[in-house]
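Asks: Please model the entire structure based on the sequences and the hints provided.
Protein chains: 2
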Amino acid sequence: MAPSDSPLPAAAGPPLLVLGGGGWGTALALVLRRAGHEARVWCHDPQHGERVEASRENSRYLPGVRLPPGIRFGSRLEELAAGVEVVFSVVPTQFLRAALESFRGGLPLAPLVVSCSKGFERGTLELPSSIISALLPASRVVILSGPSHAEEVARELPTAVVVASRRPAEAQRVQQLITGPRFRAYTSSDPAGVEIAGAAKNVIALAAGIADGIGFGDNARASLVCRGMAEITRLGAALGARAATFAGLAGIGDLVATCTSRHSRNRAVGVRIAQGEPLDAILRSTHKVAEGVETARSLRELAGRLGIELPITAEVYSVLFEGKPPREAVEALMGRELKEEA
Amino acid sequence: MAPSDSPLPAAAGPPLLVLGGGGWGTALALVLRRAGHEARVWCHDPQHGERVEASRENSRYLPGVRLPPGIRFGSRLEELAAGVEVVFSVVPTQFLRAALESFRGGLPLAPLVVSCSKGFERGTLELPSSIISALLPASRVVILSGPSHAEEVARELPTAVVVASRRPAEAQRVQQLITGPRFRAYTSSDPAGVEIAGAAKNVIALAAGIADGIGFGDNARASLVCRGMAEITRLGAALGARAATFAGLAGIGDLVATCTSRHSRNRAVGVRIAQGEPLDAILRSTHKVAEGVETARSLRELAGRLGIELPITAEVYSVLFEGKPPREAVEALMGRELKEEA
Chain A
1 MAPSDSPLPA AAGPPLLVLG GGGWGTALAL VLRRAGHEAR VWCHDPQHGE
51 RVEASRENSR YLPGVRLPPG IRFGSRLEEL AAGVEVVFSV VPTQFLRAAL
101 ESFRGGLPLA PLVVSCSKGF ERGTLELPSS IISALLPASR VVILSGPSHA
151 EEVARELPTA VVVASRRPAE AQRVQQLITG PRFRAYTSSD PAGVEIAGAA
201 KNVIALAAGI ADGIGFGDNA RASLVCRGMA EITRLGAALG ARAATFAGLA
251 GIGDLVATCT SRHSRNRAVG VRIAQGEPLD AILRSTHKVA EGVETARSLR
301 ELAGRLGIEL PITAEVYSVL FEGKPPREAV EALMGRELKE EA
Chain B
1 MAPSDSPLPA AAGPPLLVLG GGGWGTALAL VLRRAGHEAR VWCHDPQHGE
51 RVEASRENSR YLPGVRLPPG IRFGSRLEEL AAGVEVVFSV VPTQFLRAAL
101 ESFRGGLPLA PLVVSCSKGF ERGTLELPSS IISALLPASR VVILSGPSHA
151 EEVARELPTA VVVASRRPAE AQRVQQLITG PRFRAYTSSD PAGVEIAGAA
201 KNVIALAAGI ADGIGFGDNA RASLVCRGMA EITRLGAALG ARAATFAGLA
251 GIGDLVATCT SRHSRNRAVG VRIAQGEPLD AILRSTHKVA EGVETARSLR
301 ELAGRLGIEL PITAEVYSVL FEGKPPREAV EALMGRELKE EA
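Chains as they are written, first to last, in this note's numbering: chain A, 1 to 342; chain B, 1 to 342.
Careful, some of the hints might be misleading.
Which copy is meant is left open, so a pair is good if it fits within one copy or across any two.
What the hints assert, rightly or not - List of simulated lysine to any residue pairs, SDA-like, C-alpha gap at most 25 Å:
| id | residue 1 | residue 2 |
| --- | --- | --- |
| 1 | Lys324 | Pro181 |
| 2 | Lys324 | Ala10 |
| 3 | Lys324 | Leu157 |
| 4 | Lys288 | Pro108 |
| 5 | Lys324 | Ser139 |
These aren't lab readings, by the way, just hints derived from the structure by calculation. Just so we're clear, the structure is a prediction, and the values are computed from it rather than from any experiment.
Replies: And the structure:
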C-alpha cells in the first residue's frame, strides 16, 4: 500500500468528524490527520466501518492507501461525535437528508458543518447546504469544493480547494484546519457560487465522457468544457452567485479536473453510455455514486423553473432518461447555431 | 491511411492559399478542401513540398492522412498565389517575418490574410497580426484560433474555432469559407483577445507538462489551468483585450485542449523537461515547433514592460532558461500565498 510521504504530526486539539466513509471521506480524513488532527469517520454501513477500522484500509472505495493511527472509522455516531466542534459532511447528496434525519439529537450542538457533497437533491432541487441548514438549524455551514479527486489527495499529490462562507472567520477557520504542505485551501465569500459550480459540473462531465466514448477527440472535449463553463456560469447567475467564482478553482478548475481525468466517475459513466451500456446496468455495476446522473434530472427541472437554457444538461438528460442516441446528442451540441461568441 | 469520412464536394470558387506546410497547414488545407475549395499549400522547403505533392501525404508533419485531389503542395509562391483572394498564414511566429519578407511583391495585392500563427515574436514582442500588417500593409488580417489539434482536424473529429476581426463582414467571410459539417467557426469582434489567448496558452501548456512530468496529478493540472486562465486574462486586459474572450473557445477552450491533450507539443516538451532532458536536446530531437518556448521569453519581457505579474510564465522561464529545478518551480506555483480567491 502507498505509504505516507511526510511524517505525521502528533494529533492535537479537538477531534474532527467526517460523515461518510467513501473515497472522498477517507481522503479527507487523511488530509485532516496530516494537518495534525484526530479524524473520525462515520460510516452508514456498520460492517464497512468495522472492516476499514480493523484492516486500516478502505479497500472498497479507496484501495491501496494505508490509514495511519489517529484515524478512526465506525458507525456509532454518538461515540464518534463526542468532543467534536467541526463536522465534514461527505454524504452523497441523494442520501444526505435521510442520514441527517437519522442523527437528530446525536450530532453535537451548533457545530460548524463543512459541506463537501456535490449535487442537487432529487425532487426538492435543494443544494446540500440547504438540507443541512434545514435539519441542523443551529449549525453554520461552510462549503468545500474544488478539483480534488480522492485517489490523488489520498496519495498526497498536490491539491488546492476552496472553502466558502459569507462569514470570513468561519472560512478561515476551516482553511486553517485542513491546509497542509500538499493540500491548500483558499477562502471565498461566495458559498452559493462554489456549491452550484461543484454540483453542476458533474453533468458536464457526463457529456464529456459521452463525447470521449463515441470517439470524438480532445478538440471536441475542450469545446464542451468551454461551453459547460458558460452553462454553469449562467445557472449560477440565475441563482445569485458571482461570475468570478466560476472562473476560479471551484468553477473551471473542478470542471477541467472532472472532464479530463481518468479518476472521474461521472466522466466514466458517460463513456460507458456512449459505448452502448444501459444506464441501470452501469449504476448496478458500481458501488460508487455518479452524482451527475441525479443532478441532470434536478438541473433540467430547475432550468425550467428558472426559465434558463442549459443545453448540455438538456442533451445529457435526453441520453440518460429518454433514450436519445449519444452521438446525436453530442452532435447537436457541437452543431448548435451560435454564429457569434458571447 | 485514414480515408476521408465524407464525400468531397467539387472545388468551386477562387483557390485559397495556405502559407506553411506543417501539420496545421496541412489540416487547414483539408478543412478548406472539404468546404468545397481548391487549396494550395506553400512550403518553405521545396523538397518537402515536392515530396508531399508527389506522395499525397505529409509524412513528416501529419503522417497517415491521405491528401485528396484539389489540394496542391509546392514552394513557388507566384504560381501558387495566382488568382488567390484569401491567404491563411500558418508560418510559425518566429519565422513569419522572414517568410513574408521573402515574398514581397509575390503575394497578390490586398488579400484577406487569416493569421493562424500563435506566439509573440522574439525581440520585438509582436503578435503575428502586427508582423503581417507591417509587411503586407495593403492586407486586412483576420485571426483564427481555438482548440484545434491538427491530428484531429485532419481526421474529421469535430472541432470548433473562432475567427476574429473588428470588421464583422470579414470574419463572416472567413467563417463561411471554412465551415463544414465537422469544422465550425464562430465569429468574434475581439481579434486582440483571440490572438493573445492563442499565443499565451502555450506557456501554460509547458507548465502543465512539467507538472505532469514530475508526477503531479489531475488535481494539480486543473489548478494550473485555472490559474493559467487568470494569468492570460490579466495579460489580455493589460493589452486592451476583452475579458469575455478568455472565457470562450479561443481562451479556456484552447487552454484546456493544449494542457490536457496527448497531441500538444508544448505540453510534451514540458513533460520531457520535467524528466530531466535538457531543452536544447529536446528542441533538436523534433522538427515540430514548440512555440511556447520562445513565447515564454517574449512574455516575460512583456510582463516587465507592462508592469504585470505572470507567475506561471515566470516559473516556466526560470525552468527553461535559468536552470531552475522543475519540481521547485511547480511547487512554487502550487504553494503561492493566495489566501483568498479573486
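Asks: Run every hint past the structure and note whether it holds.
Replies: Hint by hint, here is what the structure shows:
Taking identical chains as interchangeable, the C-alpha atoms of lysine 324 and proline 181 lie at most 25 Å apart only when they sit on different chains, with a minimum of 21 Å there against 46 Å within one chain. Proximity of lysine 324 to alanine 10 under the C-alpha cut-off of 25 Å is found in neither arrangement, the shortest distances being 55 Å within a copy and 34 Å between copies. Taking the shortest alpha-carbon separations for lysine 324 and leucine 157, only the inter-copy value of 21 Å comes in at or below 25 Å, while the best intra-copy value is 39 Å. For the homomeric pair lysine 288 and proline 108, neither the shortest alpha-carbon distance inside one copy (29 Å) nor that between copies (62 Å) is at most 25 Å.
In this assembly of identical chains, lysine 324 and serine 139 lie within 25 Å of each other by CA distance neither inside one copy nor across copies; the values are 43 Å within and 48 Å between.
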